[in-house]
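Trainee: Given next are the chains, with one letter for each unit.
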Amino acid sequence: MAARRISSLLSRSIPSSTTASSRALLRNGKWNKPGFESGIRNHSTAAVLEEPISPGVSVNYTQLMINGKFVDAASGKTFPTLDPRTGEVIAHVAEGDAEDVNRAVSAARKAFDEGPWPKMTAYERSMVLLRFADLLEKHNDEIATLETWDNGKPFEQAAKIELPMIARLFRYYAGWADKIHGLTVPADGPYHIQTLHEPIGVAGQIIPWNFPLLMFAWKIGPALACGNTVVLKTAEQTPLSALYATKLLHEAGLPEGVVNVISGFGPTAGAALARHMDVDKLAFTGSTETGKVILELAAKSNLKPVTLELGGKSPFIVCEDADVDQAVELAHFALFFNQGQCCCSGSRTYVHESVYDEFLEKAKARALKRIVGDPFKKGIEQGPQIDNKQFEKILKYIRSGIESGATLETGGERLGSKGYYIQPTVFSNVKEDMVIAQDEIFGPVQSILKFKDLDEVIQRANNTRYGLAAGVFTKNIDTANTLTRALRAGTVWVNCFDVFDAGIPFGGYKMSGIGREKGEYGLKNYLQVKAVVTPLKNAAWL
Amino acid sequence: MANHEQQSNGNGEMNQLKIPEIKFTKLFINGEFVDSIKGRNFETVDPRTGEVIATVAEGDKEDVDVAVKAARTAFDQGPWPRMSGFQRARIMEKFADLIEQNNNELAALDCIDAGKLFMMGKLVDIPAGAASLRYYAGAADKIHGEVLKSTRSLHAYTLKEPIGVAGHIIPWNFPTSMFLMKVAPALAAGCTMIVKPAEQTPLSALFYAHLAKQAGVPDGVLNVVTGFGHTAGAAISSHMDIDMVCFTGSTEVGRLIMQAAATSNLKQVSLELGGKSPLIIFDDADLDKAAGLALQGIVHNKGEVCVSSSRVYVQEGIYDEFEKKLVEKAKAWKLGDPFDPNTRQGPQVDKRQFERILSYIDIGMKEGATLLTGGKPWGSKGYYVEPTVFADVKEDMQIVREEIFGPVMSLMKFKTIEEAIERANNSKYGLAAGIVTKDLNVANRVSRSIRAGIIWINCYFEFDLDFPYGGYKMSGFGRDLGLNALHKYLQVKTVATPLYDSPWL
Numbered sequence: 001m002a003a004r005r006i007s008s009l010l011s012r013s014i015p016s017s018t019t020a021s022s023r024a025l026l027r028n029g030k031w032n033k034p035g036f037e038s039g040i041r042n043h044s045t046a047a048v049l050e051e052p053i054s055p056g057v058s059v060n061y062t063q064l065m066i067n068g069k070f071v072d073a074a075s076g077k078t079f080p081t082l083d084p085r086t087g088e089v090i091a092h093v094a095e096g097d098a099e100d101v102n103r104a105v106s107a108a109r110k111a112f113d114e115g116p117w118p119k120m121t122a123y124e125r126s127m128v129l130l131r132f133a134d135l136l137e138k139h140n141d142e143i144a145t146l147e148t149w150d151n152g153k154p155f156e157q158a159a160k161i162e163l164p165m166i167a168r169l170f171r172y173y174a175g176w177a178d179k180i181h182g183l184t185v186p187a188d189g190p191y192h193i194q195t196l197h198e199p200i201g202v203a204g205q206i207i208p209w210n211f212p213l214l215m216f217a218w219k220i221g222p223a224l225a226c227g228n229t230v231v232l233k234t235a236e237q238t239p240l241s242a243l244y245a246t247k248l249l250h251e252a253g254l255p256e257g258v259v260n261v262i263s264g265f266g267p268t269a270g271a272a273l274a275r276h277m278d279v280d281k282l283a284f285t286g287s288t289e290t291g292k293v294i295l296e297l298a299a300k301s302n303l304k305p306v307t308l309e310l311g312g313k314s315p316f317i318v319c320e321d322a323d324v325d326q327a328v329e330l331a332h333f334a335l336f337f338n339q340g341q342c343c344c345s346g347s348r349t350y351v352h353e354s355v356y357d358e359f360l361e362k363a364k365a366r367a368l369k370r371i372v373g374d375p376f377k378k379g380i381e382q383g384p385q386i387d388n389k390q391f392e393k394i395l396k397y398i399r400s401g402i403e404s405g406a407t408l409e410t411g412g413e414r415l416g417s418k419g420y421y422i423q424p425t426v427f428s429n430v431k432e433d434m435v436i437a438q439d440e441i442f443g444p445v446q447s448i449l450k451f452k453d454l455d456e457v458i459q460r461a462n463n464t465r466y467g468l469a470a471g472v473f474t475k476n477i478d479t480a481n482t483l484t485r486a487l488r489a490g491t492v493w494v495n496c497f498d499v500f501d502a503g504i505p506f507g508g509y510k511m512s513g514i515g516r517e518k519g520e521y522g523l524k525n526y527l528q529v530k531a532v533v534t535p536l537k538n539a540a541w542l
Numbered sequence: 001m002a003n004h005e006q007q008s009n010g011n012g013e014m015n016q017l018k019i020p021e022i023k024f025t026k027l028f029i030n031g032e033f034v035d036s037i038k039g040r041n042f043e044t045v046d047p048r049t050g051e052v053i054a055t056v057a058e059g060d061k062e063d064v065d066v067a068v069k070a071a072r073t074a075f076d077q078g079p080w081p082r083m084s085g086f087q088r089a090r091i092m093e094k095f096a097d098l099i100e101q102n103n104n105e106l107a108a109l110d111c112i113d114a115g116k117l118f119m120m121g122k123l124v125d126i127p128a129g130a131a132s133l134r135y136y137a138g139a140a141d142k143i144h145g146e147v148l149k150s151t152r153s154l155h156a157y158t159l160k161e162p163i164g165v166a167g168h169i170i171p172w173n174f175p176t177s178m179f180l181m182k183v184a185p186a187l188a189a190g191c192t193m194i195v196k197p198a199e200q201t202p203l204s205a206l207f208y209a210h211l212a213k214q215a216g217v218p219d220g221v222l223n224v225v226t227g228f229g230h231t232a233g234a235a236i237s238s239h240m241d242i243d244m245v246c247f248t249g250s251t252e253v254g255r256l257i258m259q260a261a262a263t264s265n266l267k268q269v270s271l272e273l274g275g276k277s278p279l280i281i282f283d284d285a286d287l288d289k290a291a292g293l294a295l296q297g298i299v300h301n302k303g304e305v306c307v308s309s310s311r312v313y314v315q316e317g318i319y320d321e322f323e324k325k326l327v328e329k330a331k332a333w334k335l336g337d338p339f340d341p342n343t344r345q346g347p348q349v350d351k352r353q354f355e356r357i358l359s360y361i362d363i364g365m366k367e368g369a370t371l372l373t374g375g376k377p378w379g380s381k382g383y384y385v386e387p388t389v390f391a392d393v394k395e396d397m398q399i400v401r402e403e404i405f406g407p408v409m410s411l412m413k414f415k416t417i418e419e420a421i422e423r424a425n426n427s428k429y430g431l432a433a434g435i436v437t438k439d440l441n442v443a444n445r446v447s448r449s450i451r452a453g454i455i456w457i458n459c460y461f462e463f464d465l466d467f468p469y470g471g472y473k474m475s476g477f478g479r480d481l482g483l484n485a486l487h488k489y490l491q492v493k494t495v496a497t498p499l500y501d502s503p504w505l
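Heads up: the protein sequence lines correspond to chains F and C, in order. The first sequence begins at 1 in full-length UniProt numbering and counts up by one. The second sequence begins at 1 in full-length UniProt numbering and counts up by one.
Source of the hints: derived by calculation from the structure; they are not laboratory data. Because the structure is a prediction, the values reported are computed rather than measured. There are no misleading hints in this set.
Label pairs and their computed distance ranges (CB to CB):
| hint | chain 1 | residue 1 | chain 2 | residue 2 | range |
| --- | --- | --- | --- | --- | --- |
| 1 | C | Lys69 | F | Asp478 | 35 to 45 Å |
| 2 | C | Glu43 | F | Tyr521 | 51 to 61 Å |
| 3 | C | Ser380 | F | Thr534 | 47 to 57 Å |
We put the beta carbon where it would ideally sit given N, CA and C, even for glycine.
With the rest of the complex left out, here is chain F (with noise of 0.2 Å):
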């Protein structure tokens, strides 16, 4: 569904380019929101300097999930989790550690190995996950809230894109789950085999602070479809909705201990979880250096496999026949888009030299206009980024930026005097031996290259040790299909981007990470596969 999709965001913006879908959502007012449509023009600070609005939610649950259960961490210690608006204290939360990964893993291994959740049909499997979906639609305002306050992304965003994109993503994979099939496989002799795909195990997962809950969704949904128990350690930046949906999880049937949740901290509980002697499988979605060091865990422990969803440095291709304003739009969507926070922005704007002038003074016009504060206002585009750690990064390579002589055409500096709000800020000439232009950013800061023909954006666009996605805009068949064949990375979205269905598979090529998430290819993470092989006597046909 168009409204399930991150790109509908856009609908606002560029009405001449949408689908249909989106259209209709517009007719339907949907997003028809003051703000949406004319609001604010600037990225005034004044939304910012006004009082933060109150979440008018209370934060119920803060322990972790271990069988079935809210409890405290072993140690009994807690760590706070704050509003970005602010830096202030939101709740403490149960910190855990070693001894607390250990308890969720034996409550896993325990449900795994003696049930009921493998043992269950995989439609009773699927009747629990369409529940939950159910369950969280019930409550959709109040996760979306949660995910705002603790992470800082619009509520609207939250609450309209990414909690429908999350019960939708486990009805997706309630419907895999009594369709896993194995196969039947012709031998060289006379021999009978099959193939039986089977849960495999208990699953390690650690989520990132970007998309708190879409994170988990992602994690959980196709690990659970397969039949699998989990221990899932949430960011330490974003440990409070997790906890809310594992209650619901619960609530919609799901026997104790299939889903443990921990909050905590990378070094303390995620490396316990990454080399847990009895964890069968690791997922971690995150950056690429902390990727590594979960590769090396897995591998010094019981090798358990790996699937890793890393950093990016994405381009985004604007080619000479492009529509230029949506390109414009839909270049600053990806690289804006959840404060710049994505680890697939398209960080890397490569635009045509026969319309980079025009693309650079709207890109410049379109990051002015960006609508900047408080993520609980209507019509705010852009929120705080996560934490001061973060915020105080991005400011430094804006200055690196400006420093290696790129040009800064907006922004540069935070907005207001509180909280970790950052102006849209765009550089042109941009270079590609620049720190700009090769590391990760994850801000609002829109690196802008001109480019003179193909072959050349194709070996710039692949110069880089990442490999997550690229976007492409062209309306020449030909450009689009030489394109998405060269570029060496997990997704490219052609004049569209941010396209996140849950069919849709999403992982990277080099650094960037190894497997993929969501559709079919999901599942394989999750899977074991066993060949039976047994010898037919007198077969009547081999």
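Given chain F, work out where chain C should sit, using these hints.
Mentor: Positioned in the frame of chain F, the structure of chain C alone reads:
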């Protein structure tokens, strides 16, 4: 000779209370219940008593034309194939929920219309029907084409497109299961359709149409034309604007349907036809279990099942003891009012079937087979037939070669595995087979040797949503259930375009 408990067969006060009010008796076309154009009606009868339950609109060629027009418009211009698979899935899930909410009423309709056990409907057929909608709903957003390899510098891929307007002609033995077995995958694929239920059992189909509309299936997507095969059914199979016809029923009618398709627009055909399925019981079998399976295999749904185990082959080492056990079990089998939860077998669907079965029993006796048990009508009213077992049956007897579609088993003895395979395959049919053995090699060998669409090892009648099912030989072609059934409703389109400067091919 049989000590079947004499129970009420339709006169009990308790049973009268459960008969639902008949709400839908008209054709369902383009989202509305309408009279037939000619204004004709036909009667549907309660097989417990032979009494008329309701008068139902009798669709004919011109009604089919109107229904096809509605389905065509819904396909060519309507929202259904243009929705995402997920949107279709949500509507199908709603449809499933509504079916569960109306479980009692639907089970009662099938009970009075087809003589099916009420509890079987309530606990098995109706929930499984809802589950099948959920199964195909879950498949609707997973219809994958493939990106192809070319021998040249070409980029190519396949699109799996809905086939268009489907015609479904379904039988009376499982009114609910057959309806949803056809409708659910077709809906998931994005097709629009006309369903013609059997004239014996039109009631639940009309109720399903009503629920589909309530769930949000757009008008024209699902049309139900009640009526007879030689009129409404023939109009569907020979229609120039129907893209495929799926039929479940007898081999004779299947042949007519395929002929009509051939002489009209060459529409695609899927046929699930008759059977004379063997159940092969080896010396190492657990006797009690095997006898139970064999009896179930022939009396389940009063033998009105295309996969009934109507030929039972028992290895000579256990034959005598098996025969004894089977007869004991057959005699203890409880016939009665299908509304009664203790009843294991209700009446045959109608007078015609009832008489046909009795005539086959006569033929068997004339052919020289030995009647071990049964062989007579049961009770004084309605269309009940006792579980009937013939022994001393020869392969060339009519009762072994033809589908009786009633609770009449031919019990035979065999010596070797080779002989069992040969005799089991010695049939024009190839729908199903059962094997009872503990020996892995025997199980594997027989599984591959029997020319039939589904093989049950140490079980029988184990249908499931994900298990494709259909026939070899004159039992038909095409598969129902599983993802195979979904693909039946999809066209494959290959798209190719030149590729320039691709770094790989």
